[in-house]
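Participant: Let the sequences and hints guide you as you build the complete structure.
Chains A and B, in that order, give the protein sequences. Our numbering applies: residue 48 is where the first sequence begins, and numbers increase by one. Our numbering applies: residue 48 is where the second sequence begins, and numbers increase by one.
Derived from the structure by calculation, the hints contain no laboratory data. Quick caveat, the model's predicted, so the values are computed rather than measured. One or more hints might be untrue.
To be verified - Computed spacing ranges between beta-carbons, pair by pair:
| no. | chain 1 | residue 1 | chain 2 | residue 2 | range |
| --- | --- | --- | --- | --- | --- |
| 1 | A | LYS137 | B | GLN80 | 25 to 33 Å |
| 2 | A | ILE177 | B | GLY250 | 14 to 22 Å |
| 3 | B | GLY222 | A | ARG50 | 21 to 29 Å |
Unchecked claim - Computed far set for chain A versus chain B, every beta-carbon distance over 12 Å:
| no. | residue |
| --- | --- |
| 4 | VAL95 |
| 5 | ALA99 |
| 6 | ALA106 |
| 7 | ARG132 |
| 8 | VAL140 |
| 9 | ASP146 |
| 10 | LEU171 |
| 11 | ASN186 |
| 12 | ARG207 |
| 13 | LYS211 |
| 14 | ALA240 |
| 15 | ASP253 |
| 16 | GLU266 |
| 17 | LEU276 |
| 18 | LEU285 |
For glycine and all other residues, C-beta sits at the position ideal for the given N, C-alpha and C.
2 protein chains.
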Amino acid sequence: MPRTAAVIIIGNEILSGKVRDENSHFLASELRQLGVKLSLVMVIQDDVDEIASTVASCAKRYDYVFTSGGIGPTHDDVTMQGIARAFGRKLVVDEKLKDMIEKRCGVPSSVVMRMAELPEGGELIELNGINFPPMRLENVYVFPGIPEFLRKKFAALKERFRDKPYFTSRVYINGEECLIADTLDAVAKRFPAVEIGSYPKIGERDYKVLVTFESMEEEAVKQAVDELLKMLPREIVLRTL
Amino acid sequence: MPRTAAVIIIGNEILSGKVRDENSHFLASELRQLGVKLSLVMVIQDDVDEIASTVASCAKRYDYVFTSGGIGPTHDDVTMQGIARAFGRKLVVDEKLKDMIEKRCGVPSSVVMRMAELPEGGELIELNGINFPPMRLENVYVFPGIPEFLRKKFAALKERFRDKPYFTSRVYINGEECLIADTLDAVAKRFPAVEIGSYPKIGERDYKVLVTFESMEEEAVKQAVDELLKMLPREIVLRTL
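Facilitator: Rendered as structure tokens:
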């Protein structure tokens, strides 16, 4: 069984439609390539209680939790408070982080204090080429909301999550989904280790449905694809990848 | 207080990174324009229990729940089952829907049956120009995952959700976020009815931080913006919209 993950996007700007979230799709693709199963994405408000209850429940249910957003210096940045509350920890000033922020910003002490506070027991993960290290508390990894920074930090960190790869295959169908539904159903039942998805697509020039196969078991993917191809009328199968 | 909403995106293809979700951003923008407060987005798996528990808890907590995905004819389309379980209802064949599907697809009866089943008490909302009407059960509205279809159906339905508008304003700042944090904090405390957001932006040519103001109270937005402009050094304020 693959390890599981949840991604928690923290930010009113996403919920109000002002900003389009890019981080969840990025993390979804990255985690899949690492062999980690992303089981849940949540977009929640900049609210301490909301963050605390969401992080607490996800940390119990999934192997990894990744948060994005809410770690800047302004009044609406309350992610660290929320995570501290989720684990019943106090916020404490991290002296190393305090130095970094003072050097970088040279700003009022209230701002430095806000950004230098971490939940007790939180680990700053030192990474090559990264100025402000991401924080980990238990199985929760805290990333900034700005996509450029999140990507850079995740890239520097990601090898620690790598697991066995997924094996995948794709079959492109030139026919309506309802024509292949019974066949897919039969194949899905015969190969329970293979996750089979069926995605009708509007506006593609050649195909009407993309069928995807995914599994940790390479042989099972091959067999499921073969079985499907055997059962479908040849003229509606365009190509297999 | 505005009415609240949750959006539930149902689909393994989003979680595995194969497909980028477009529906939550679309619904976020639309709901905001309608004066509805989107409080939560969840992306969950094509799993009956997961759908049932998520829908049940969201339907209790929020005024409206919108789901997207999982209503096609294939084995991985289990949204109707999940919603039925959320409310403790049986799935029953809707004769009108059955006729529509038979006429449209002319397909095996198993597929027709799967697509013609609705939770008991579910209402098909007849809309001009829409072939397959969206379903409502209690405060849950069920939409397809294909963005083109979701948009068309939501557009036909949306006036029923319209409420008092939000008033907004934006101030563009040419300075680091840490320089304005204390000021923002003070303004946010003085105007609790105004939601103030601060968004640093990388790679913009002119501004470094966008500050947004939102409220149902037009006058409060104006006053909060004026207060901020009075307190900030004039040279870092680029423009106000």
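Participant: Compare the structure with each hint and give your call.
Facilitator: These are the hints, each one checked on the structure:
1. A/LYS137 - B/GLN80: 25 to 33 Å: Given about 42 Å between the Cβ atoms, the range is violated.
2. A/ILE177 - B/GLY250: 14 to 22 Å: 19 Å, holds
3. B/GLY222 - A/ARG50: 21 to 29 Å: 42 Å, violated
4. VAL95: 14 Å, holds
5. ALA99: Since the minimum Cβ distance to chain B is about 15 Å, A/ALA99 lies beyond 12 Å and the statement holds.
6. ALA106: Label holds. Min Cβ-Cβ 17 Å, cutoff 12 Å.
7. ARG132: At about 18 Å from chain B, A/ARG132 clears the 12 Å cut-off, so the statement holds.
8. VAL140: 16 Å, holds
9. ASP146: Answer for A/ASP146: holds, closest chain B Cβ roughly 15 Å.
10. LEU171: 19 Å, holds
11. ASN186: The claim stands: A/ASN186 keeps its Cβ more than 12 Å from every Cβ of chain B (closest is about 18 Å).
12. ARG207: 19 Å, holds
13. LYS211: Label holds. Min Cβ-Cβ 15 Å, cutoff 12 Å.
14. ALA240: Its Cβ never comes within 12 Å of chain B, the nearest being 15 Å, so this holds.
15. ASP253: 17 Å, holds
16. GLU266: 20 Å, holds
17. LEU276: A/LEU276 is indeed farther than 12 Å from all Cβ atoms of chain B, at 17 Å.
18. LEU285: Given that every Cβ of chain B is farther than 12 Å from that of A/LEU285, nearest at about 18 Å, it holds.
Hint compliance for this structure: hints 1, 3 are broken, all remaining hints hold.
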